[in-house]
Structure formats: C-alpha cells, structure tokens
Amino acid sequence: MGIIINAGTRAIVQGITGKQGSYHTKLMLDYGTKIVAGVVPGKGGAVVNGVPVYDSVKETVEAYSPNASIIFVPAPFAQDAVLEAIANKIKTIVVVTEHLPIKDTINVLAYARQSHVTVIGPNTPGIITPRECKLGIMPANIFTPGSVGLVSRSGTLTYEIAAGLTGKGLGQSTCVGVGGDPIVGLNFIEALELFKEDSKTKAVVLIGEIGGNMEELTADYVAKERYPKPVVAYVAGRFAPSGKRMGHAGAIIMGKQGTAQSKIEAFTNAGVQVAEKPSDVAALLAEELLP
Amino acid sequence: MNLFEYEAKQEFSTYSIPIPQGTLVTNSNQTAQAIAKLKPPYMIKAQVLVGGRGKAGGIIPAKSAKEAEEAVAKLLGAQIKGLPVKQVLIEEKLPIRKELYAGITIDRFNRSYVALASASGGIEIEEIAGKTPKAIIRTLIDPQLGLRSFHAMAIAKQFGYSGNQLAELAAIIQKLYQVCVDNDAELVEINPLAETETGNFVALDARMVIDDNALFRHPEYAERGAEELSSQEALALKNNLAYVKLDGDIGVVGNGAGLVMATLDLLNFFGGKPANFLDLGGGTTIEAITAALQIVFADPDTKAILVNILGGITHCDDVARGIVEAANEAKAKKPLVVRLVGTNQQEGQKILSDAGISVLDSMEEAARQAVEITRGEKR
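Chains as they are written, first to last, in numbering that gives the first Met the number 0: chain R, 0 to 290; chain V, 0 to 378.
Calculated directly from the structure, the hints in this document are not laboratory data. Cβ coordinates follow ideal geometry from the N, Cα and C atoms, glycine included. Among the clues, some could well be false.
[Claimed, not checked] SDA-like mimics (lysine to any residue), calculated; alpha carbons at most 25 Å apart, straight line:
hint: 1; chain 1: R; residue 1: K243; chain 2: V; residue 2: N238
hint: 2; chain 1: R; residue 1: K167; chain 2: V; residue 2: Q345
hint: 3; chain 1: V; residue 1: K80; chain 2: V; residue 2: D246
hint: 4; chain 1: V; residue 1: K302; chain 2: V; residue 2: A290
hint: 5; chain 1: R; residue 1: K276; chain 2: V; residue 2: T342
hint: 6; chain 1: R; residue 1: K18; chain 2: V; residue 2: T289
hint: 7; chain 1: R; residue 1: K243; chain 2: V; residue 2: N1
hint: 8; chain 1: V; residue 1: K237; chain 2: R; residue 2: S241
hint: 9; chain 1: R; residue 1: K255; chain 2: V; residue 2: K272
hint: 10; chain 1: R; residue 1: K243; chain 2: V; residue 2: D298
hint: 11; chain 1: V; residue 1: K97; chain 2: V; residue 2: G129
hint: 12; chain 1: V; residue 1: K80; chain 2: R; residue 2: G242
hint: 13; chain 1: R; residue 1: K243; chain 2: V; residue 2: L236
hint: 14; chain 1: R; residue 1: K243; chain 2: V; residue 2: A241
hint: 15; chain 1: R; residue 1: K276; chain 2: V; residue 2: K85
hint: 16; chain 1: R; residue 1: K243; chain 2: V; residue 2: A326
hint: 17; chain 1: V; residue 1: K237; chain 2: R; residue 2: A74
hint: 18; chain 1: V; residue 1: K130; chain 2: R; residue 2: N268
hint: 19; chain 1: R; residue 1: K243; chain 2: V; residue 2: Q345
hint: 20; chain 1: V; residue 1: K272; chain 2: R; residue 2: R237
hint: 21; chain 1: V; residue 1: K85; chain 2: V; residue 2: E69
hint: 22; chain 1: V; residue 1: K130; chain 2: R; residue 2: S241
hint: 23; chain 1: R; residue 1: K90; chain 2: V; residue 2: F108
[Said to hold, decoys possible] Pair ranges (Cβ atoms, derived):
hint: 24; chain 1: V; residue 1: Q78; chain 2: R; residue 2: P240; range: 18 to 26 Å
hint: 25; chain 1: R; residue 1: K223; chain 2: V; residue 2: Q164; range: 40 to 48 Å
hint: 26; chain 1: V; residue 1: S230; chain 2: R; residue 2: S241; range: 22 to 30 Å
hint: 27; chain 1: R; residue 1: N268; chain 2: V; residue 2: S111; range: 22 to 30 Å
hint: 28; chain 1: V; residue 1: S111; chain 2: R; residue 2: K223; range: 21 to 29 Å
hint: 29; chain 1: R; residue 1: E61; chain 2: V; residue 2: E123; range: 35 to 43 Å
hint: 30; chain 1: V; residue 1: G56; chain 2: R; residue 2: Y22; range: 53 to 61 Å
hint: 31; chain 1: V; residue 1: K237; chain 2: R; residue 2: G7; range: 42 to 50 Å
hint: 32; chain 1: V; residue 1: Q20; chain 2: R; residue 2: K90; range: 51 to 59 Å
hint: 33; chain 1: R; residue 1: R130; chain 2: V; residue 2: F149; range: 48 to 56 Å
hint: 34; chain 1: V; residue 1: Q78; chain 2: R; residue 2: E275; range: 35 to 43 Å
hint: 35; chain 1: R; residue 1: K42; chain 2: V; residue 2: A221; range: 26 to 34 Å
hint: 36; chain 1: R; residue 1: G7; chain 2: V; residue 2: N267; range: 41 to 49 Å
Whenever a hint applies, use it, and build me the whole structure from the sequences.
Put into structure tokens, the structure is as follows:
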C-alpha cells in the first residue's frame, strides 16, 4: 500500500530523451518501477533504455493505459507537457522540472483540479513507495518499507531524515516531496488526508521550511481534525533572514510572514512534535511507534 | 526581478493606468530641460530598489524649478539605505484628497493570483495587514476567469465610490491584473493610488516584481541585467548557485536548499554563526563546487568553512575533486570541515583524505566541529 503510487503504477516519462530524463528513467527501471513508455514530440519511434518513445501522450494511453506520468521537460515547455497529461486523464503527474514560471503553475493546477488529477510539484524530487514504485530522482537505497509516511518541501533534507529513519529501523510507507516552489500541487494537508486513510501508515513526518503559510494551515488541520496518527515535524530556516530566497523559490520570509518560528509555534500548539535537529525526527518517532 | 518605479509606471502607462506627468534624469545638467516640460510643484524621487525610500530621504517635494534643481543635485550620487542613486524621477505633484492601495500578488495556498485593495493606502501593505487586517479587501482570482469587470466593480464599490469614479477605479484595478499577467509579475502594486481633488485616480507610486523564472518570455527585462551585485554574488549567479550573505564567520556550502538551511540552523544550535547560505543545487559539476568554495574562501568574514554534501544526483567524487582544487588555489588558508556521504562516497572520501582534508559522515558532528574551530576550542 502507501499513498498515490504502488506496485500497480504504470508510468510514462515525458521528456525521456533529455539528459535528466534518460538517466533517471534507468534508475527508476532498476528500482522496479513500471515505465511503459516515453513521450517526446518529434522523437516518436526512438527507444531509451528499452522504453519505446512516442510523439504524444495520447498514443501511449491507447497502447499502454498508463496511470501516472513523470515530467522532465524543460521549464519553457513544461506547462504544455503537464496540460497534455491532464487532457489525457493521466491520474497522477509528477513534475520534476524546476524553474516553471508561477503563471504556468497556476494555469496547470487550475486545470488539474477541475479534471480531478493529482499533480505533485513542480520542482519536486518525486515520490517513492519503498520496494514498490519510485517516480522521482531520489537515491533509492536510503529508503526501506515500513509504516512512516513522509511529506516534505525539500529534497536532500528529506534524504537526510529518511536515511536517519532507515538507520533506526523505521521504514517508510510512502515519501513524497511536494516541491520547493511558492505554488505547488499536492500540499501537506492533502498528503495527510491520504496518509490518514492508508492502513500501512502509522505515523507521519512533515518536513517544512520558511515561506508561505502551508505549515500553519496544516497545523490548524491537524488540531481541528484531531488527526488520528502521530505527526512529527521539522522546520528548516530558523535563522534565515527576511526578504531573501533561500535556494527554493518558495523559501522566502516576506516581512514577518513565513518565519520558522511561526510554523514551529503553530505545530506545537496543534500537538505536533517538532524536532530541533534533523536527527531528532527519528528519535521522536521511535518514542511514538516503539513503545 | 524588481523594477524601478519609473519602469513600472511606463508599463502602467501603456495600459492607460493614469500616472503623474514626469521625466527621468540621470545627470543634473538635464534637470532644467526636464522641468521646463512640467508644471510646479514637483516631487523629486530617487530611483532605488528599496522599501521605505521616502523616510530615508529619497523623496523630496519642490515648490519651484530652483528647489527641484537643488533636490536633483542632492539625490544624484547620494546613497539611500546604502544604494547609490543613479536616476531621479521628476514628477508633477498633484493635490490629493485620499490615498488608497491596490495590488495583485500570488496566493500560495489557494494556488492563484489575488487582488488586494485597501482604503488605507500610503503605508506598506504588511503594516496595514498587521494593524487592521479587515481594512484589506482580498479577492481570489480564478485563473480561468481572470479578474473581470464585475470583480473590479465589487472592490471599488466597497470603497464607497459611485458613478464615474466607480467605473474609473474598477478599470484601474482590472488593468493592474492585466499588467501582472502579461508581464509574468509576482507582484504589482500601486501605493498610494491617489484620489485627486478633481476626483480622478492616479498611480503615485508603483512597484513591480517580475518572476525570474519567466524572464525567457521577457527579453526586455532579461537584457536589463542584474541589480548591483557583490563579486561573490556575481560569481554565484554565473554558476547558478543560490547564495545569500549572512553576518557570521562560518562559510557554508551544501547541496539542496532544505539541507543548507538545516545546516545553518545546526550551526546556530551549537552556538556558531554562519557567514552565508550557499546551495549548489542538484547534479553539481566540479566547476560549480570549485566556484562555490572560491566564494566562501574569498569572503573575509569566514574563519572556517563547512561543506555538507548528501549526494544523490550529486557524485561525491566530483565534489571531492572540486574541494581539493579550490582549497589548493585559495590564497587564504582556512580550516575546512567536510561532511560527504551518498553516491560514490568511498571514492570521494579517499580523494579528500589523500589531500589531507578530514571528512565526516555526520552533519551534526561536522557542524559541531566547525563551531569549535571558530570559537578556538579546537585546532
């Protein structure tokens, strides 16, 4: 089980012939992900890592009925690629592409919502349900199956914390990066909803960072819903200055809005345990899960 | 990318949003000629990309041509909040009845644009939000509808206007949304949006922030070049590195925004102070890591350097080669603490050990050691 992707996921790769697309297609195949086809307009008929390439998503739908797509298309063309996947009713779309203009993201996500399609990202490392399916660019060896759901705004910090969990014998049900942009598809609250319904998930880790108010709203949700599973959070950027983008387009404190302090306070008030250091996440979870 | 007030106003003007009559000067010799075309009194406004410019002395009212010339001469070449004034906007000063606020920006959680409007203009929107949040009218914009005239009318109506004024104000708000979308802006703001004594509306000040990721669609801004950068910032930009200067003494290099932010937090946790934030991003090349190390080595504030790499797409051996190259080239030798794990870890760690650079597996241990070095507890 786990959320969104599993052993039954049949994925296409949009932008499969590019450097990133072909490299990560190989790694995903090595992990056991079912990649049924690739799409690059004008490159139909090619084969990449044994995967057949088509000119359009429509052709792959007719031939393979995929239910997911992972997108490596460069930013100027990414909007069209995502819209094409949505128009063809691909249920889950993972947008790895970085530097998508905000206007394009807003357009794409409005269409996705109307079409009941889940978009993860943009600017996401992707999603992994350990030993079942990986749609993303994360190093697979640090993940192991288990009962911790993990949702994060960061890439390498997720690897750091997941490796810590694995080291302590705490496997993961699904780990998903929501993306580092100001506006993203799947958010923390939606991920928590899915983890709530997932019987394999016994606890959830949230990895937040400065910028925006997603963590504060998530804390409200946890408190209001009396969320039934333990939640542990880590928030990066306690000492970030105001008005500067810290690597991610979305990691920016505006005036007094979006500080780590505000997020930590909201989580604490909602009964979410907040780890002071990345390594404390595993320790706090061990307390919750290993009586 | 922040636009100057005069650039934003030019853009407003092409959308028929009313702005005061004005001229830009870059040299005091141009002042007399510029003023000849304008009616007194005047507002003399330094063009610098910083908030609170007025309070810092960057805006000077002038009653006569003589006063205007003096004000221009005073501002050109001066510094406002540390930024040099290279351009000055001379505008006609209008008699004002009331100051409003109108802006379009991004609502992150609702994944849309949002129109913000307030009858208490003239102060920063964050300040209004802090003091009287109810004084701000928020209108979420459905991207498939856009901001229609009925939305804009509803906003203007809440300010109590009617008739021609209602239509005029609504038109400005609607055009402002069009400016935002057409320019791929993250923020467009008219503050204050003045109601003049004749009952018309004029954009007295203008702010526009263009989405950096959309510059490929806007060569007119892309060619304009970056703002004033330090040599470190320029080198970072050239190598696609995310760099932010901070006020401590430990130089930091890492891969991934979240990991580097967490590294800064750890340094603070152990009682140290980072000198910078530097994120290499994913799939780093040897050139990029070398440039990153050069940036932190060259910073006179750094007493020690902490490198924190968790290699996924990034290969540890590439990182190690970059570190060794930069450490050998560096003019000032500084203690280096390296944490290096992930793809090709053994090879990378061996390259560093062979070069006499000690390397650790734990980021907490590495952060602790970097702090100890700068406090002089360990050498």
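Hint by hint, here is what the structure shows:
1. R:K243 <-> V:N238: Measuring from Cα to Cα gives roughly 18 Å; hence the hint holds.
2. R:K167 <-> V:Q345: 22 Å, holds
3. V:K80 <-> V:D246: Satisfied, since the Cα-Cα distance of roughly 18 Å is no more than 25 Å.
4. V:K302 <-> V:A290: Holds - the C-alpha atoms of A290 of chain V and K302 of chain V are around 18 Å apart, at most 25 Å.
5. R:K276 <-> V:T342: 24 Å, holds
6. R:K18 <-> V:T289: Given pair K18 of chain R, T289 of chain V holds - Cα atoms ~23 Å apart, limit 25 Å.
7. R:K243 <-> V:N1: 13 Å, holds
8. V:K237 <-> R:S241: 24 Å, holds
9. R:K255 <-> V:K272: 22 Å, holds
10. R:K243 <-> V:D298: Satisfied, since the Cα-Cα distance of roughly 19 Å is no more than 25 Å.
11. V:K97 <-> V:G129: 21 Å, holds
12. V:K80 <-> R:G242: Roughly 15 Å separates the two Cα atoms, so the pair holds.
13. R:K243 <-> V:L236: 14 Å, holds
14. R:K243 <-> V:A241: Holds. K243 of chain R to A241 of chain V sits at ~10 Å (cutoff 25 Å).
15. R:K276 <-> V:K85: Violated - the C-alpha atoms of K85 of chain V and K276 of chain R are around 46 Å apart, more than 25 Å.
16. R:K243 <-> V:A326: 28 Å, violated
17. V:K237 <-> R:A74: Status holds; Cα separation ~19 Å.
18. V:K130 <-> R:N268: Satisfied, since the Cα-Cα distance of roughly 24 Å is no more than 25 Å.
19. R:K243 <-> V:Q345: 36 Å, violated
20. V:K272 <-> R:R237: Roughly 12 Å separates the two Cα atoms, so the pair holds.
21. V:K85 <-> V:E69: 16 Å, holds
22. V:K130 <-> R:S241: 20 Å, holds
23. R:K90 <-> V:F108: Answer holds: K90 of chain R to F108 of chain V is near 22 Å, not above 25 Å.
24. V:Q78 <-> R:P240: 18 to 26 Å: At 21 Å between Cβs, range holds.
25. R:K223 <-> V:Q164: 40 to 48 Å: Holds, at about 43 Å.
26. V:S230 <-> R:S241: 22 to 30 Å: Given a distance of about 24 Å, which is inside 22 to 30 Å, the answer is holds.
27. R:N268 <-> V:S111: 22 to 30 Å: With Cβ atoms ~28 Å apart, the hint holds.
28. V:S111 <-> R:K223: 21 to 29 Å: 23 Å, holds
29. R:E61 <-> V:E123: 35 to 43 Å: The hinted range 35 to 43 Å is violated for E61 of chain R and E123 of chain V, with Cβ atoms some 55 Å apart.
30. V:G56 <-> R:Y22: 53 to 61 Å: Holds, since G56 of chain V and Y22 of chain R (Cβ atoms, about 55 Å apart) stay within the stated range.
31. V:K237 <-> R:G7: 42 to 50 Å: 46 Å, holds
32. V:Q20 <-> R:K90: 51 to 59 Å: 57 Å, holds
33. R:R130 <-> V:F149: 48 to 56 Å: 54 Å Cβ-Cβ, so the 48 to 56 Å window holds.
34. V:Q78 <-> R:E275: 35 to 43 Å: About 41 Å separates the Cβ atoms of Q78 of chain V and E275 of chain R, which means 35 to 43 Å holds.
35. R:K42 <-> V:A221: 26 to 34 Å: 29 Å, holds
36. R:G7 <-> V:N267: 41 to 49 Å: For G7 of chain R and N267 of chain V the Cβ distance comes to about 45 Å; the hint holds.
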